[in-house]
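Visitor: Just need the whole structure built from these sequences, with the hints factored in.
Heads up: the sequence lines are chains Z, L and F, in that order.
Following numbering that gives the first Met the number 0, the numbering of the first sequence begins with 0 at its first residue and continues without gaps.
Following numbering that gives the first Met the number 0, the numbering of the second sequence begins with 0 at its first residue and continues without gaps.
Following numbering that gives the first Met the number 0, the numbering of the third sequence begins with 0 at its first residue and continues without gaps.
These are computed hints drawn from the structure, not numbers from a lab.
The structure presented is a predicted model; accordingly, all values stated were derived computationally and were not measured.
Among the hints, erroneous ones may be present.
Stated by the list, open to error - Restricting the straight-line Cα-Cα distance to at most 30 Å, the calculated cross-link-like pairs of lysine-lysine (BS3-like) are:
1) Z/K381 x L/K36
2) L/K126 x F/K73
3) Z/K532 x Z/K515
4) L/K150 x F/K100
5) L/K111 x L/K126
6) Z/K600 x Z/K570
7) Z/K381 x F/K65
8) F/K100 x L/K25
9) L/K99 x Z/K381
10) Z/K532 x Z/K570
11) L/K47 x L/K99
12) L/K99 x Z/K570
13) F/K65 x L/K126
14) L/K36 x F/K73
15) L/K151 x Z/K381
16) Z/K515 x L/K99
17) F/K65 x Z/K515
18) L/K126 x L/K36
19) F/K100 x L/K36
20) L/K25 x L/K99
21) L/K1 x F/K126
22) F/K126 x Z/K413
23) L/K36 x L/K150
24) L/K111 x L/K99
25) Z/K600 x Z/K515
26) L/K99 x L/K36
27) Z/K381 x L/K126
28) L/K151 x L/K36
29) L/K99 x L/K126
30) F/K65 x Z/K600
31) Z/K413 x Z/K425
To be verified - Below, a sample of chain F positions facing chain Z; criterion: calculated Cβ distance under 8 Å:
32) E22
33) P24
34) Q51
35) G90
36) D91
37) G109
38) P110
39) L113
40) G118
Glycine included, each C-beta is placed from N, C-alpha and C at the ideal position.
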Amino acid sequence: MIPELGHFALIVALFIGLALAVLPIAGAARDDAAWMGFARPAAQAQFVFVAIGFFCLMASFVNNDFSVINVASNSNSRLPLEYRIAASWGSHEGSMLLWVFMLCGWACAVSLLSKRLPLAMVARVLGVMGFISVGFLLFVLLTSNPFDRLLPPAMDGRDLNPLLQDPGMVFHPPLLYMGYVGFAVAFSFAVAALLAGRFDAAWARWSRPWTTAAWAFLTLGIALGSWWAYYELGWGGWWFWDPVENASFMPWLAGTALIHSLAVAEKRGAFKAWTVLLAIAAFSLSLLGTFLVRSGVLTSVHAFATDPTRGSFILIFLAIVIGGSLTLFGWRAGSVGFAGRFDRISRESLLLGNNVLLVAATGAVMLGTLYPLALDALGLGKISVGAPYFEAVFVPLMAPVVLLMGVGPLARWKQAPVGELAARLKWPALASVVAAVVLPLAAGRFSAMVAFGLLLAAWVFTTSVVVVLQRARGGSDQLLKQSRSFWGMVLAHVGVGVFIVGVTMVRGYETERDVKVSTGDTVVVSGWRFTFKGAQEVQGPNYVAARGIVEMQREGGGEVTVLHPEKRVYKVQGMPMTEAAIDSGWLGDRYVSLGEMLDDKTWTLRVYVKPFVDWIWGGCFLMALGGLLALADRRYRVDVKAMKTEPTPATASAVPPVEQVAT
Amino acid sequence: MKARLFVPLALFLLLAVLLAVGLTLKPREVPSPFIGKPAPAFSLAQLKTGQPAFDPAQMRGQVWVLNVWASWCAPCREEHPLLVEAARQKQVTIVGLNYKDDPRNAEEWLRKLGDPYQAIAVDRDGKVGIDYGVYGVPETFVVDREGIIRKKHIGPLTPEVWNQDVLPLIQKLKG
Amino acid sequence: MTAMKRWLLMLALAAAATTHAAEAPNVAADPALEARVNALSAELRCLVCQNQTIADSHADLAVDLKNQVRDQLKAGRSERQVIDYMTQRYGDFVLYRPPFKATTLLLWLGPALLLLVGGLLFWRSLKNSQSAAPAAAVADADARRAEQLLAADDTPR
Numbered sequence: 000m001i002p003e004l005g006h007f008a009l010i011v012a013l014f015i016g017l018a019l020a021v022l023p024i025a026g027a028a029r030d031d032a033a034w035m036g037f038a039r040p041a042a043q044a045q046f047v048f049v050a051i052g053f054f055c056l057m058a059s060f061v062n063n064d065f066s067v068i069n070v071a072s073n074s075n076s077r078l079p080l081e082y083r084i085a086a087s088w089g090s091h092e093g094s095m096l097l098w099v100f101m102l103c104g105w106a107c108a109v110s111l112l113s114k115r116l117p118l119a120m121v122a123r124v125l126g127v128m129g130f131i132s133v134g135f136l137l138f139v140l141l142t143s144n145p146f147d148r149l150l151p152p153a154m155d156g157r158d159l160n161p162l163l164q165d166p167g168m169v170f171h172p173p174l175l176y177m178g179y180v181g182f183a184v185a186f187s188f189a190v191a192a193l194l195a196g197r198f199d200a201a202w203a204r205w206s207r208p209w210t211t212a213a214w215a216f217l218t219l220g221i222a223l224g225s226w227w228a229y230y231e232l233g234w235g236g237w238w239f240w241d242p243v244e245n246a247s248f249m250p251w252l253a254g255t256a257l258i259h260s261l262a263v264a265e266k267r268g269a270f271k272a273w274t275v276l277l278a279i280a281a282f283s284l285s286l287l288g289t290f291l292v293r294s295g296v297l298t299s300v301h302a303f304a305t306d307p308t309r310g311s312f313i314l315i316f317l318a319i320v321i322g323g324s325l326t327l328f329g330w331r332a333g334s335v336g337f338a339g340r341f342d343r344i345s346r347e348s349l350l351l352g353n354n355v356l357l358v359a360a361t362g363a364v365m366l367g368t369l370y371p372l373a374l375d376a377l378g379l380g381k382i383s384v385g386a387p388y389f390e391a392v393f394v395p396l397m398a399p400v401v402l403l404m405g406v407g408p409l410a411r412w413k414q415a416p417v418g419e420l421a422a423r424l425k426w427p428a429l430a431s432v433v434a435a436v437v438l439p440l441a442a443g444r445f446s447a448m449v450a451f452g453l454l455l456a457a458w459v460f461t462t463s464v465v466v467v468l469q470r471a472r473g474g475s476d477q478l479l480k481q482s483r484s485f486w487g488m489v490l491a492h493v494g495v496g497v498f499i500v501g502v503t504m505v506r507g508y509e510t511e512r513d514v515k516v517s518t519g520d521t522v523v524v525s526g527w528r529f530t531f532k533g534a535q536e537v538q539g540p541n542y543v544a545a546r547g548i549v550e551m552q553r554e555g556g557g558e559v560t561v562l563h564p565e566k567r568v569y570k571v572q573g574m575p576m577t578e579a580a581i582d583s584g585w586l587g588d589r590y591v592s593l594g595e596m597l598d599d600k601t602w603t604l605r606v607y608v609k610p611f612v613d614w615i616w617g618g619c620f621l622m623a624l625g626g627l628l629a630l631a632d633r634r635y636r637v638d639v640k641a642m643k644t645e646p647t648p649a650t651a652s653a654v655p656p657v658e659q660v661a662t
Numbered sequence: 000m001k002a003r004l005f006v007p008l009a010l011f012l013l014l015a016v017l018l019a020v021g022l023t024l025k026p027r028e029v030p031s032p033f034i035g036k037p038a039p040a041f042s043l044a045q046l047k048t049g050q051p052a053f054d055p056a057q058m059r060g061q062v063w064v065l066n067v068w069a070s071w072c073a074p075c076r077e078e079h080p081l082l083v084e085a086a087r088q089k090q091v092t093i094v095g096l097n098y099k100d101d102p103r104n105a106e107e108w109l110r111k112l113g114d115p116y117q118a119i120a121v122d123r124d125g126k127v128g129i130d131y132g133v134y135g136v137p138e139t140f141v142v143d144r145e146g147i148i149r150k151k152h153i154g155p156l157t158p159e160v161w162n163q164d165v166l167p168l169i170q171k172l173k174g
Numbered sequence: 000m001t002a003m004k005r006w007l008l009m010l011a012l013a014a015a016a017t018t019h020a021a022e023a024p025n026v027a028a029d030p031a032l033e034a035r036v037n038a039l040s041a042e043l044r045c046l047v048c049q050n051q052t053i054a055d056s057h058a059d060l061a062v063d064l065k066n067q068v069r070d071q072l073k074a075g076r077s078e079r080q081v082i083d084y085m086t087q088r089y090g091d092f093v094l095y096r097p098p099f100k101a102t103t104l105l106l107w108l109g110p111a112l113l114l115l116v117g118g119l120l121f122w123r124s125l126k127n128s129q130s131a132a133p134a135a136a137v138a139d140a141d142a143r144r145a146e147q148l149l150a151a152d153d154t155p156r
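Guide: Right under this line is the structure:
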């Protein structure tokens, strides 16, 4: 019953979506308030029905309903509850439903939090989102129905892939999709503006918080995925430039360019056409990613089982949505209007430079990801493009971005006198160079790569200090009055610096030992002593494991930490898995992985010491936190009192009182 | 209406065409760099005791097929009847390369399913397989009279592939 | 305790001490060679996997190829020669660092080209932003209101 209920709810959601896609936009064109007024309730109703569908699927998993094919293929009665829940998005069908759930969730949020926007704009935005939802609901219902029945029902399920039986699976897909799919809002705002033919600065202001929110969630989603790979896969790798990873990274790069571009569009009215194009691009890249992951066009460890029919469907949908929006862009972007004036050296020009570099980086990642496909399609042979390529091209493109990141916040809008900038950047530049030379030597070994990385990180930190000090010139009162938007920016930029430190230090100073240990043997790595105390057999809920006991202590003595690396075999799929044991600290991780059993008392053991590795994800977390802080800026708050006293304005004159426009 | 505003659309359409073509390709198949090149030399003991070591040079002057197989390989089981039949009809000489297998299992397998092979070279550690660019089983090579590899088929042979691609090629090579 | 017994006791203790506090030997016979093997393996594709290097994969073929790499490096071949060995047998597909040849020219030069194009657009944008009048037509009332709003927004710093 429940699966049928869920299936039916999705069909209802589809029809609501169809109405949502058509009526409000037509209403906006005809200035028909009734049709436009339909948008908000429709978006909310659609979300309710999609949610019903989504939770029906989840219920089927929780209740071990093996008469549903999806549950039988991806779950098992012995699977712990949290993973039965996560398994609802562990397959192509389930994750597609999660996609739609997120999309409709965002649309519902827009409908609830957009009281200050003109009705015509809201109608168009929700209409576009409705259109997108129709495409995906059709895709789910026609090609990827998660509610298909298996009759007679299976006795038990095939279990969730052991690699996915992890807290990472509970959080990573939802966060990632929140971000990924969230760019649909920015996209819809852009298309709505193109449809209306108006691009006042208010459009950028309304679009900004939604875009920043999606960006922050995407940052968290990607970071979590990376951290998960690090502790799950057993050898400490955290980014592989795999096509599916790139598929989520490209929207992030475009999204970063977009949030910066929106700042200029909001403040100065410049770059509007460019910003609209970026908004279309960011979501298009999300859609492209969805296609790449599910069509079988590229090989990836993350790819779902592939089916050319599904690939064709998504491609056609892609062509309609992206092709349609780009056609609209070509047709209407000419009327975008007044572009602000700015000097060669100004905050605008620096942000434009930042955008150019980020877009080039996005292009480079796309080039590397799709090039093998292009060569193969042209019959020019088969190649592989992997990490060596991406690292070679990505770093040179991003280094200037980091340098600009230090200068931008210090530059004035419209005109930034070079002398003034140079004066302010003198001591950060000096401090960075000193840090780049001294710190690697202090860490034990000088390396040009480490020096360069630390130069960039130090640049970020020192320029951030200068930016804050500059605002504090008027005393601590002035500093306290700075907007959350300002602090969000500082925090996010500092996060980038922290990230760079993490990557640089791990790459430069990571040590590894691969040893044969018998009970009682020790191995010393980078000042840490590890003693192997044997392995015991342990029963898990749905696996059996050999659990190693490793005592860890600093060479000079001190507290002993016991680590338990495991080698598990999951009973249903018979798949072996390594669970590394990690001791995390602010200054690094000690990472121990159990290898092969050579005989009764002897195992191979891999021990790593990874300095500053958690700064990688810590930095990403700070970036996301900065984004969320900027979101909470007073200027974006819905002022309920003001709403009640004024009738909804049809123009952009209802700008809330602003105390300090700092950024 | 400026033309350059349509550049993004044009670029996207190019991308869409590329992706559409991509849907028809097989991204995991590795093409062989040996087509048109001499079959690498080797000398391996044969499966059946008492036979001399096998060397591809022995096959000079004939068109022949090298079939890489193993008893632990399920798809090999699917294509085997085709090979047995082809050998029975004397369509072409088939030589087997027993890849990373246990000779006793291999013999048992052939006893049960039939033996189409004129000779069976035993590649226990897979080194010869690597020399031929083998990355999975089964794989089949067509070699001409001068010892040049003319075709490599990856995966089990099907009647369609055999009748439409392989057999005509063999007949052409035979002259 | 007699001298003999004392001596035997010390021997036994010494033996016990060594068996319980042994420094674990490396799995690899030659860690320096192994480091080279791993570095090279990280650039080679596991052909039976879904996008993994032979350094990371435990698949049979991956292990075989990694052993080949080790044997060849041990025999004194250079990294270049081992890569050639692999590409002769499996084609360019086996390399994760694409070779620099006619067909990959666009791949390797692409990012620089993108930057160039971006730079040109940037330059043009800067030039336009210095020009006197805005290009597109905007309704007069809107333009005036826009100026007012922008003036209110513009904070000198």
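Visitor: Against this structure, judge whether each hint is valid.
Guide: The hints, checked one at a time:
1. Z/K381 x L/K36: Within the cut-off at roughly 18 Å; holds.
2. L/K126 x F/K73: 17 Å, holds
3. Z/K532 x Z/K515: With a Cα-Cα distance of about 13 Å, the restraint between Z/K532 and Z/K515 holds, given a limit of 30 Å.
4. L/K150 x F/K100: 25 Å, holds
5. L/K111 x L/K126: Judged against 30 Å, a Cα distance of about 27 Å means the pair holds.
6. Z/K600 x Z/K570: Between Z/K600 and Z/K570 the Cα gap is close to 24 Å, so the pair holds against 30 Å.
7. Z/K381 x F/K65: Given pair Z/K381, F/K65 holds - Cα atoms ~22 Å apart, limit 30 Å.
8. F/K100 x L/K25: OK: F/K100 and L/K25 at ~23 Å, within 30 Å.
9. L/K99 x Z/K381: 27 Å, holds
10. Z/K532 x Z/K570: Judged against 30 Å, a Cα distance of about 26 Å means the pair holds.
11. L/K47 x L/K99: Since the Cα atoms of L/K47 and L/K99 sit roughly 16 Å apart, the hinted pair holds (cutoff 30 Å).
12. L/K99 x Z/K570: 28 Å, holds
13. F/K65 x L/K126: Holds, at roughly 12 Å.
14. L/K36 x F/K73: OK: L/K36 and F/K73 at ~28 Å, within 30 Å.
15. L/K151 x Z/K381: 16 Å, holds
16. Z/K515 x L/K99: 27 Å, holds
17. F/K65 x Z/K515: Given pair F/K65, Z/K515 holds - Cα atoms ~19 Å apart, limit 30 Å.
18. L/K126 x L/K36: Cα-Cα ~19 Å, so holds.
19. F/K100 x L/K36: 21 Å, holds
20. L/K25 x L/K99: 26 Å, holds
21. L/K1 x F/K126: 18 Å, holds
22. F/K126 x Z/K413: 14 Å, holds
23. L/K36 x L/K150: 10 Å, holds
24. L/K111 x L/K99: The given pair, whose Cα atoms are some 19 Å apart, holds under the 30 Å limit.
25. Z/K600 x Z/K515: Roughly 10 Å separates the two Cα atoms, so the pair holds.
26. L/K99 x L/K36: 25 Å, holds
27. Z/K381 x L/K126: Satisfied, since the Cα-Cα distance of roughly 24 Å is no more than 30 Å.
28. L/K151 x L/K36: Between L/K151 and L/K36 the Cα gap is close to 12 Å, so the pair holds against 30 Å.
29. L/K99 x L/K126: 9 Å, holds
30. F/K65 x Z/K600: 27 Å, holds
31. Z/K413 x Z/K425: Holds, because 22 Å separates the two Cα atoms, which is no more than 30 Å.
32. E22: 6 Å, holds
33. P24: Constraint on F/P24 satisfied, holds at 5 Å.
34. Q51: 6 Å, holds
35. G90: 6 Å, holds
36. D91: Holds, about 5 Å.
37. G109: At 5 Å from the nearest chain Z Cβ, F/G109 passes the 8 Å test, so the hint holds.
38. P110: Nearest chain Z Cβ about 4 Å off; hint holds.
39. L113: 4 Å, holds
40. G118: Because about 7 Å separates F/G118 from the closest Cβ in chain Z, which is inside the 8 Å limit, the hint holds.
Consistency note: the structure conflicts with none of the earlier hints.
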